[in-house]
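Protein chains in written order, with my numbering: chain P, 937 to 1243; chain F, 34 to 427.
Derived by calculation from the structure, the hints in this document are not laboratory data.
Be a bit skeptical, because a hint or two may be false.
[Unchecked claim] Subject to a maximum C-alpha distance of 30 angstroms in a straight line, what follows is the list of computed BS3-like cross-link-like pairs (lysine-lysine): (1) F:K303 - P:K1098; (2) F:K394 - P:K1125; (3) F:K218 - F:K394; (4) F:K216 - F:K425; (5) F:K394 - F:K304; (6) P:K1125 - F:K425; (7) F:K303 - F:K218; (8) P:K1098 - P:K1220.
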Amino acid sequence: MHFLPTEDQLELQRGVREVLASVFPLEKLPDGFDQSAWDSIVETGVFAIRTDLGLGLAEAALAFEELGRVCIPGPFVATFITAGFADGPVTFLDPARQPLLVPYLENSQAILILGEQPVLAPASEVVGSTALTEPLDPLSPLHELPSVPSGTAVGAAAEQLKHEGALLTAAIQVGIAARLTELAVSYAKTREQFDRPIGAFQAVKHICSDMLVRTELARASLHSAAVILDDLANGEMAVLDPGRAVSGAKLLADEAATGNGRSCVQVYGGMGFTWEVPVHFFLKRAWLHATEFGTADEHAEDLAAAL
Amino acid sequence: MDLRDSAAESAFREQLRDWLAATLPTVGPEPAHTDWPGRREYDTAWQRLLFDAGYAGINWPKEYGGRGATPTEHLIFLEETERAGAPYVGVNFVGLLHAGPTIVTEGTPQQRGAHLPKILTGEEIWCQGFSEPGSGSDLASMRTRAARDGDHYVVNGHKIWTSHAEVADYCELLVRTDPDAPKHKGISWLMMPMDAPGLTVRPLTTALGSAEFSEVFLDDVRIPVANRVGDENDGWRVTMVTLSFERGTAWVDQIVDSIRLIGELAEIAKKVTSRDATAWDDRGLRREIGHLAAEFDGLWAMTKRGVTEAGTGVPGPTASVLKLRYTEARQRLMELGARVLGRASLSRADIAGLPASEWTKERINSLSYTIAAGTSQIQRNIIGERLLGLPKER
């Protein structure tokens, strides 16, 4: 057992982080999906981690944490999990969930429709869709579909795609949670009230400590689930039921990202409630991801059923 | 990142499982909680079995009689003994996990020779004299005074929360040897024989109703200077050095136990009826159980990460994070258990075919977890200040 990223894995993560930090500084987030931004993400190789580099979900999870850290919008998860059989960008639809909402529809080549039998539908052939005029996350456009489009069956099992989608969404959430912790801590060190940094007060310090705890627990759970799915794919014996591992990771990651978003707003005080401080973008993204690839409540129920 | 046992780890696990399967049937029933002589005998007999099989002092260096196991093997040992329902470390706790490692690291050859072999075989039981009525979270403010008189210290003071004091042979005692120095600089670490004249033990009854702790009153107790471990006034550092000995494994048995209890709780919920359905028919309750399962699975993953950090010498945030989150999760588990048990939770003995005894007692006992060994509030300060670099309050 060696449950820490290897030097190679850390190097891959650092590489992705450096590119993303230079292309997407927090002070100039794109105001929506941006094709040139997408292209620079493709160039980092994150979507080819499994297909071209022959690596696994452990490496993908580390890279996807970095996508969360910069709050960049895009259909990353579905593009990754369909990389073996579809050209990106690929978005996705959960046909069991009303209203039928699809993110980044106009920016995607295809929609992965994740029903019992997953199918792929060309995005250009979708008819009757309506763009939401006021999506919760201002950087992630949503379209409402009147009905579930038909498509062609894909060669991957629904369960596997759902596990991978939940895992990588959890990875983005962990990245969001980690970045929000950094933002809150950095603000708590510099913002002064009553003649001292607010982070010196236990009431504020403890909020920050809880943010780190939520992030680290979610990250340990995420990495464990990633390794378990990789072991399964390699025909190895997994140390825990894969569904249980993925559900735990998604649940804890949702909790970390949304919980840290609220905490970060609180630490920033009034400024946290303004548009110009980017905290709200992270929280709104976290709220969006919390509804994707299974909610925390659904995963909790699945976990209970697996006991 | 790899969660699987290496070939050597797998062999270690198999061998341990075989030994446990052969040995545990020979271990008698656990004595009553109130029977201290019985508990000492039971716990030390188990320690002797471990010693004879080469598992005593699993994380101690080989040169001092330990097994010199890797942190991962230590984890496997705790995981497998817990799963097999083996006895706990019990009265051997302070000797094996704190006083012994302190003597290993800071003791003289004579001190090592006199104590380490007996701690490993279970012949010598230790207790801890650190906290005082006026010094809890602010431990370094302790006032128990040791004045030098020739080749002895004369000690006067009052210690509290001393586990196993009734049956201990020695106490690892923190005393103030320089009352004028800054509070962390005037402390020394002494080995105090528990039969020393002037020493009085008064059992302290806990909320559980048992005498797990004692107060220890020290009235002109004479302790040889030769019993000091480390330099005079260097006791704070001596104490801190040892805290790393657990190497991320401090909560292994309890986390493994919590994962078992989550499964048990699901089974209880299927049996208990409320209004016209079982508790398990309640989707909200199932979600809460599932949520806690995620929590403990996550804590187990985090434990493995902490153990890996310990093995590679990478300092990580794991110890305080685990302590804080685990203890609070354990309390939530016990509250949920009580809700599922309903009125059966009012009995401290099994009732109506339900395992009320274990859940009810642990519901009470778990109240202490967020206080002992650094309160949750102190853990949050440590995380905020040492891991996140936030300024101290003053």
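Okay, the hints, checked on the actual structure:
1. Between K303 of chain F and K1098 of chain P the alpha-carbon distance is near 29 angstroms, which keeps this suggested pair within the 30 angstroms criterion.
2. Restraint check for K394 of chain F and K1125 of chain P: the C-alpha separation of about 43 angstroms exceeds 30 angstroms, so the hint is violated.
3. Restraint check for K218 of chain F and K394 of chain F: not satisfied, since their Cα atoms lie roughly 41 angstroms apart, outside the 30 angstroms limit.
4. Restraint check: the Cα-Cα separation between K216 of chain F and K425 of chain F comes to about 17 angstroms, which is no more than 30 angstroms; the hinted pair holds.
5. For a cut-off of 30 angstroms, the pair hint linking K394 of chain F to K304 of chain F stands: about 21 angstroms separates their Cα positions.
6. Restraint check for K1125 of chain P and K425 of chain F: satisfied, since their Cα atoms lie roughly 11 angstroms apart, inside the 30 angstroms limit.
7. Of the pairs offered as hints, the one joining K303 of chain F and K218 of chain F is violated, with about 58 angstroms between alpha carbons and a cut-off of 30 angstroms exceeded.
8. Distance check on the hinted pair: K1098 of chain P and K1220 of chain P sit about 23 angstroms apart at the alpha-carbon level, within 30 angstroms; holds.
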